[in-house]
Amino acid sequence: MNKLQAMEVFVQVVDAGGFTRAADLMQLPKATVSTLIQQLETSLSVKLLHRTTRQVSVTADGAAYYERCLRILSDVKDAEESLSRTRLSPSGRLRVESPTGLSGEILVPALPAFFDRYPDIQLELGSSDRPVDLIEEGVDCAVRGGALGDSTLIARRIGIINFVTCAAPSYIAKYGTPMHPRDLERHRCVNYFSAKTGKIYEWDFTRDGERIQVPMPGVIALNDSNAYVQAGLAGLGVVQMTDYLLLQHVREGRMVQVLPDWTTDALPIHIVYPQNRHLSAKVRVFVEWVAELFANHPGMRLRTPAQLPEAA
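For reference, each letter of the sequence shown is one residue, going 1 to 312 in my numbering.
Hints are computed from structural coordinates only; laboratory data are not their basis.
One should not assume that every hint holds.
[What the hints assert, rightly or not] Within a straight-line C-alpha distance of at most 20 angstroms, the following computed PhoX-like cross-link-like pairs (lysine-lysine) qualify: (1) K30 / K3; (2) K3 / K47; (3) K30 / K77.
[To be verified] Simulated restraints, written as ranges between beta carbons of each label pair: (4) H50 / Q275: 19 to 29 angstroms; (5) T52 / T206: 45 to 55 angstroms; (6) L148 / E288: 13 to 23 angstroms; (7) D133 / R251: 29 to 39 angstroms.
For every residue, glycine included, the Cβ atom is placed at its ideal position computed from N, Cα and C.
Construct the complete structure from the given sequences, taking the supplied hints into account.
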């Protein structure tokens, strides 16, 4: 038995919560995974996992061994990287998740510079506005906006998401321009709902210490940022969305900013990764690259009412 491989398999089974998922993530036959765990338990003379037909859970001895395995595997990885060119030229598959609009507007256009710097990384970029379980889906790191609900993840704040309220010229010609947030109660609005809870998000506005939170009347709600922007461009209603998705349309006349003297709460944006995973060189350089990218992006800084960022 290869003890290090058995340790890696054991850690993956615990992280994934089962043999089948672990085998898929490690691209090993399920029988091999099962055999290695059995051999490991035999060599240690302890039971590491409770197995049922529905799930796999770790025993008390298994939990203690799991923590030791993490440290050992991390030390081995560090030793290997210190004797190789990996730190200077990271390589291998890197799985990243990012919100749809942010991927299309900010990450993907900047990727040529990333690959010029790190040509040996094979990036798999998943773009979705749904919440992703990093451990369950084998994701190395993810870019997330707003409040973080999973306290088990390590998070690094890398920017701020600003919002702007807009409407298509065709909508304004038909329904007029709202002059105050309360006017929106008599307008049509395009709503956005949570992919996780199904809850429709309310809009908030602040000016000179006055704060207003408005439930938006509307005939359509979406949970995809690209579809949401298209609904606004089609004149289906007033929209409130991240400015990096709307401001180019404003500059080119396809959208008109409304209520420019009111601000909307900015949201923090983080890059997150599992705390029980060794931060490999390829993950580390991607985290640093994204942090640098967002730090230099004009749309990722706090701004005052009516102050639109320059084009990126």
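Numbers of unmet hints, in rising order: 3
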